[in-house]
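Asker: Listed here are the chains, written in short residue letters.
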Amino acid sequence: MSKTIDFQTDPSKYRHWRVAYDGDVANLYMDVDQDGGLFDGYQLKLNSYDLGVDIELADVVQRMRFEHPEIKVVVMRSGKENVFCAGANIRMLGGASHAHKVNFCKFTNETRNTFEAAEEDSGQKYICAVKGACAGGGYELALACNYIMLTDDSTSAVALPEVPLLAVLPGTGGLTRVTDKRKVRRDRADIFCSIEEGVKGQRAQDWDLVDEVIPNSKFDETVDERAREFASASQKATGNGIKLDPLDRKIGDDGSIVYSLVEVDLDRAAHKVTITLKGPDSEAPATIEDLEALGDQSYLLRLARELDDAILHLRSNEKELGLVVFRTQGDGSAVLAHEKQLSENADHWLAKEILAYWKRVLKRIDVTSRSLVALVEHGSCFAGVLAEILWAVDRSYMMDGEFEGDNRPMAAIQPSAANFGRFPMGNDLTRLETRFLGAPEAIETIKAKTGTSIEAEDADKLGLVTVILDDIDWEDEIRIFMEERASFSPDAMTGMEANLRFAGPETMETRIFGRLTAWQNWIFNRPNATGEDGALQRYGTGIRGNYNIERV
Amino acid sequence: MMDLMNVSYDTQIPNNVGLSSDKRVLKALEKWHPGYINWWNDLIPDNFQQSLVYLRTAVSVDPKGWAKFDYVKMPEYRWGVLLAPQGEDRKIPCGEHMGQPAWQEVPGEYRNMLKRLIIIQGDTEPASVEQQRFLGLTAPSLYDMRNLFQVNVEEGRHLWAMVYLLHKYFGKDGRGEADDLLRRSSGSEEAPRMLGAFNEETPDWLSFFMFTYFTDRDGKMQLESLAQSGFDPLSRTCRFMLTEEAHHMFVGETGVGRTIERTCQVMNEHGIEDPYEIDKIRSYGVIDLPTIQKKLNLHYTLSLDLFGQEVSTNAANAFNAGIKGRYMEHRIDDDHQLTNDTYVVWDLEGDEAVRKDVPALTAINMRLRDDYTQDASGGVGRWNKAIEKAGINFQLKLPHESFNRKIGVFAGKPFDPDGKRISVDEYAKGEPNWLPTPADGDYIQSLMKPVYEPGKFAGWIAPPKVGIDNKPGDFEYVKLHMA
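Sequences listed follow chains A and B, in order.
Each residue of the first sequence is one higher than the one before, counting from 173 in our numbering.
Each residue of the second sequence is one higher than the one before, counting from 45 in our numbering.
No wet-lab data here; the hints were simulated from the structure.
Misleading hints may appear alongside valid ones.
Unchecked claim - With the Cβ distance kept under 10 Å, some of the chain A side facing chain B (calculated, not the full set):
1) V233
2) Q234
3) I262
4) S326
5) P336
6) G373
7) R375
8) R687
9) G712
What the hints assert, rightly or not - Reference listing, derived: stretches of chain A covered by chain B, where coverage requires no fewer than 3 residues with Cβ under 8 Å from a Cβ of chain B:
10) 366-372
11) 379-390
12) 713-719
Just so it is clear, CB atoms sit at the ideal spot from N, CA and C, and this is done for glycine as well.
So that you can see chain B by itself, here it is in the shape it has in the complex (with noise of 0.2 Å):
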């Protein structure tokens, strides 16, 4: 009988789906593995591939203990196809077919909205590593250099997740959009990344933080939704691509988190009271407070931009179908159809924000972005706690959901970050305060000069409370290869 928990390594592929007896889509997937390792060596500047990286592989789905680590180099490192335990007699559990049992197969009517689900999802995860491909070159040290490359090769791993599904249940149509994933390339004139935050390089490590922190949390909310899809095979997929998505967060909100203690630390050493005395700040080195919310306010804007439009029919038809549910949906008290239920939502009334009912099953969406600023707003309170231990009277805080909008009813819109609808004038007054300006970028970018030398860290940033793996503080996380 085939071991789910644990991984088989007797194919190319390492895989719990019992891959070695499904010649098909082993055939499959094996002629689309050239095209990724190509995809994989062209990204990343080769001394860090022939690098040797303290990295976590997935052995097994068992939570209790699902990963091992050790030293491998990149393009050696086994990403494989794994999905957590197929649960036992599991139900629909929403939607028009709520109650029914779990589909094992594509069910026909629904095969496109499946497919353009699992289309727009693969697209972002080869996305990221796209846009993060230079920050080796400026990490602040090897700990968080590692912790860079276990994002990309988890990253690398949840593409190969959607291909499997492509591959394995979405015969020829699915191949040639498999293909396409490798295709499309952030930023590319030729052929773009699917939705805009992702065709923006992440130009520095605080960038890298926060996009870890906010939009890989979308990635996260939408994975949650998925993992709660009728079709089972896609929440299986899902549901252990999230446990691996627990350690990019951890990687955003302890990266911000390092950052602010550090520019804390530095204040108090100099006696600086004001965190608005930026340029005083900035001499020693540090990321002043008030840049660190700028960069917040951007990348949680970009982030609520993922979620789509307020009112979406596509999110209501993928709902409704049960092909993708909402956070938490088992927990959530209600008849999982939402009939007749509503649910409240931004809209513009003139030039006023305002808050309307809509029939909940269209605003799906919105939903679960109010789902996510309530998951996201965790962290910015831990950051606040910790200004405020250091005795700094600052207050990190997630602006208002009308600003920086280029998707929905506020797209477009002048509205300053507390959800004040201003004039143009005065928009384009505050919006050096409020969002980063290029001397700010030039600033962070003077900044990021690689620290390679194990147990050390740059002047910008505090080093982690503990080790990965627990390893002591000067573990040398990669062993550089500097040929």
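Extracted from the complex, chain A is given alone in its bound form (with noise of 0.2 Å):
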């Protein structure tokens, strides 16, 4: 598996996902083309789906919230009789590289946490109708909507079958959603996950794995008449939607991709990347009408997608790149006035929709597995939302004083009101929050300089970067940095950054990063699973899991 994938898609491309458009309702229909899998030696049958699939999924639901902002529910249903999802292919994983599985449930996560958070973030609610098997990611796609209906006909049931048929997780939120999220008694959660058939009907609502179990005959227009209430119900700002035209991107020979605001250079030999974001192009519109009609091309919006999407590509194109720098050039006050007018009008449906935005990008960030570094250089612009940026990464260098032969602007940092409560991290905490667990006074105080410019001796002093570092040990310090970090072994530095980053309180989000997905991972790596004759190994064959018995 080495082909590039590309994150990017259209309708016009999907291959298993329809949707029609019904007034303030969506019907959003798998339908997974069996022979449409990413790469070859699986099929995708009964709406199993692979990277591929997902991908057309994370473009639905990024497209219902910029394109369709007309929609207030959205009903998440099967393509094909008999069978609503079985959940990620098993070929597909049983053949891919551990790299590439952890990458898959890392980007299916991320999309699952995308359309549960619609409803809070934009109010666009995703409920599930299900009728016919809806077993593992199958399950999970319906656990990441907020309304789960599913029908009385003795035959479709709800399932994680994962541990007992496939010696791994349902490590896309499954486990976790069944406990944190729909509150599942601990001992019936036990029960429903070991047991590969799941459960229907009633026990089903009973023991809150769904919202309502409704009898078939009156199946699809009860579910008709609840999207239609939760639709009335709702309070969502609606408009006419804008389009997202593909990305303006050039990928380089050597990797290297150039697009509109954002650079990424490749250093292969010194597994390095680096990553420039530009400051506007363009002043920021005068009114929230002149922001729709840019539609997809205001600063904030095309600088998020194009970041989203190199991040995206990095993850999983580049994965010898260890270390990501991210830099910025550009005019500070510019993103403020960008930023300002977005935080603005927020509560128009496209301001809202586009700093919501941000806060996946950043969050897309906050859970990348690389080492990450800011570079505050003189002509930067961390200003505001890329702010955000130095308080995600795991370490931030900023130059001091006048450089020999450097006539940009002095480096500075500019906080912005945004930067205290309108991107929270998975931890449900601010960055700066996270930052200053023990000191929360030091946030006030960054609080009253909102709106200033923060050079480096203030900027240390405020905690606001790890470092800073004048004419003479710029170059040679950062050197150094980099060239140790790319001496560390690599999966040590992924678990020791992963738990750097989230201090703090536990929320349901963090629990499926961090402690479903690290025991998913650990079990991935596991014999039992897929060595030889593990599990998922084996699962087709015939022949059962060949496990040691020794608890570890």
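Hints in hand, dock the two standalone chains.
Answerer: Structure (structure tokens):
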């Protein structure tokens, strides 16, 4: 599996999903083309999915927000008879490298989180209409919806059969959402997760695995009715939608990528990639109508899309580049002007969506398993939303004082009101709150500086950056840091960083990305699952996994 | 000591499994019983329920004399729980546990797999009764009506057999599933039967004969493979069910055979040589051979679908677990574990149907299906002999496995009955010649007039060569209650 995975798609290319728009309700049909797998060697039978299917889903979800703000309720359903979704394709998982499995799970998790949060973020509610078998990743799709309806035809069931069938976990949020979101009692959850056939009918509702069980003859009618009810109860801000056109993206022969506002430079020898974000190339729109008229070309939306794509691309296609360096260049005040226009119109659907999208992109950075570093150079624009990157990364270095031959504006950081609540992390704290977990008063001091430019010495005092370096030390210190970083074990780095990044309280989200994913990835490395005689490898052969019964 | 050969009638439920001393299961079954009786009473038109039907009832599991015949009202039929005698020292015949003593209790690790197989098998038993519920109204003779009801009560008993296993071995879950077997119903919008073929109504008697010949034969093959189960109670149950199933095959084969016989007879009587002179043949009130071929095409291909995907993980798992064997497992000369064996299955390469080697373990379904096709071709040969003997130039044949499929690699792909890949247009053009049309159905329906006089038969079907239980031709197999 070494072909380049492109995370960009559009409805004209979909093979696995259909959307039928009906006023303020959209019916989203999963109808996987079994011959449309991303890689060779498996068929996507029974609405099972691989990364390609999920890339389409992510695109559907994203376009639903930007292109169809009139939609208040999305009904996820199956386009196939007798099966809702059989979950992630087992043969695909069996044949995939460990890294691919992990990336696949991470991306699917992010997509689940995205449509799950759509209700809270923008009032777009996903409900799930389950008819037919709904197993494993299929039920995880349902779990991420905010209302689950199950037909009572005495056959259709929801199930998490991973443990008994495959010796792995329902790792796309399954275990966590059962207990944390649906609040299924833990002993019942224990039973539920141990039985292949799952739970059907009234018991599924009694155990809170679904919200509603409906007689089969009334199912479609009731689903439509419920969708209408939710839609009419919705206070969602609506509008006409904007079109998300293909990105302006050029990929060079050496793998470097140039977008309109983002540049990705690779240094393969140093296992390093530098992502440079450019400041605004135009003035902030004067009015919200102007913003709408710009469509997908307004600065912060374009930047978010490009950065999002770059991160996804690097995660899947450039696995040996373990160090990601973030740079910015441009006018920080102009960044703030663009941000301010959105913040001041945060009730407008488009402004709201762009801000919510930034929340997601920043979270994507948070959970990216690379060593992340930011360089605050002269001429940089770490202002407002872009300053969040400084507190997302593992370390930040800032230029201090004049640098010989460098006439760019003095390096400065410009906090904005948005840094104090607009972009929470998965742990529900802001990046500053997480950073200053032991010194909340530091946040107040920074807040007082909102709208000002903070240069190196002050930034250092306020704790906004890791290290400030002057002209004499800058190059050498950074080189040494990067060389040292590149020499460490990538696994240890991933583990250390993931642990240090998320200080503070656990949330369902951190439990999914931390606890569930970590256990799953451990199991993915264990012979009982993925060894030659492991259950995942043997699945489909008829021969059971041969387990080493030693408890570890 | 419990008499395992003969059936105990000291509980409400006749059985040879010592129910009277197994209070827990007895209680569960007695609780299930009223629901079953309601199901039965709601099913078949009331005047037939009140009629006296000359039925065989299992009174023993001794192969030499297991049944007795007598008049009985169907709701009073003694549906019992009967298992073939326990083989001495029986071993698991296949898979990774081969050679170990057969399980007398459910092995925990295979609980779900076993339960699922039993539920699917159990779901088909009442389904066919539901599909055939109105056929009594158009029976071509009392003899045929009696055969229909015999098949029906025995399918009912097979349901009992599966319910017993669910109650006895699968606890609370099993009881819930047993209830659901009565909740699902053929063709129901609310809760349909699990397999597609069991949700279609059996609209006429030729369909019934085709169903018992082809679809019940699938049932027979499934029972044959479950009879090999390492879970001994399932094996014993299925072994005894197979003795009854033979009669269902008989009803199908002779039913189709007698229809053919009558058609040939009428053709000869009127000097019709060309079997394709359909209008002329039909004008004499019999079913032309090309239409019989179309019915055969339909029922055979629907039945092939019941065997599932060509390559199946579930089937592989079940075989390797020793839960389900192959047809005549003990007669097969191999390691019974299929560690390195391959088996040839159909696959699709582009538009071409090709034969491919796959690991034999994953092709268990196909192996059983191939055995089925072989088993099913026997009767077709006998029908052709009868046609030949009548001097008519026509041969029935089983269509190619790629034709008219809804499941497996050929699903939804246009192939003709010879297995040639054709275009969608060609298929649309050929379909009326290959599968029954609504007009064919209407014609057959027009022949479905009941004949209730003892010894008389509808004009489209010949009388049987011998009566049931050696009764004479004018024997009153059903004493109709015509209130």
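Asker: Does each hint fit the structure? Answer for all of them.
Answerer: Each hint, compared with the structure:
no.: 1; hint: V233; result: 30 Å, violated
no.: 2; hint: Q234; result: 33 Å, violated
no.: 3; hint: I262; result: 8 Å, holds
no.: 4; hint: S326; result: 4 Å, holds
no.: 5; hint: P336; result: 7 Å, holds
no.: 6; hint: G373; result: 8 Å, holds
no.: 7; hint: R375; result: 8 Å, holds
no.: 8; hint: R687; result: 27 Å, violated
no.: 9; hint: G712; result: 5 Å, holds
no.: 10; hint: 366-372; result: holds (count 3)
no.: 11; hint: 379-390; result: holds (count 3)
no.: 12; hint: 713-719; result: holds (count 4)
Going through the hint list in order, the structure does not satisfy hints 1, 2, 8.
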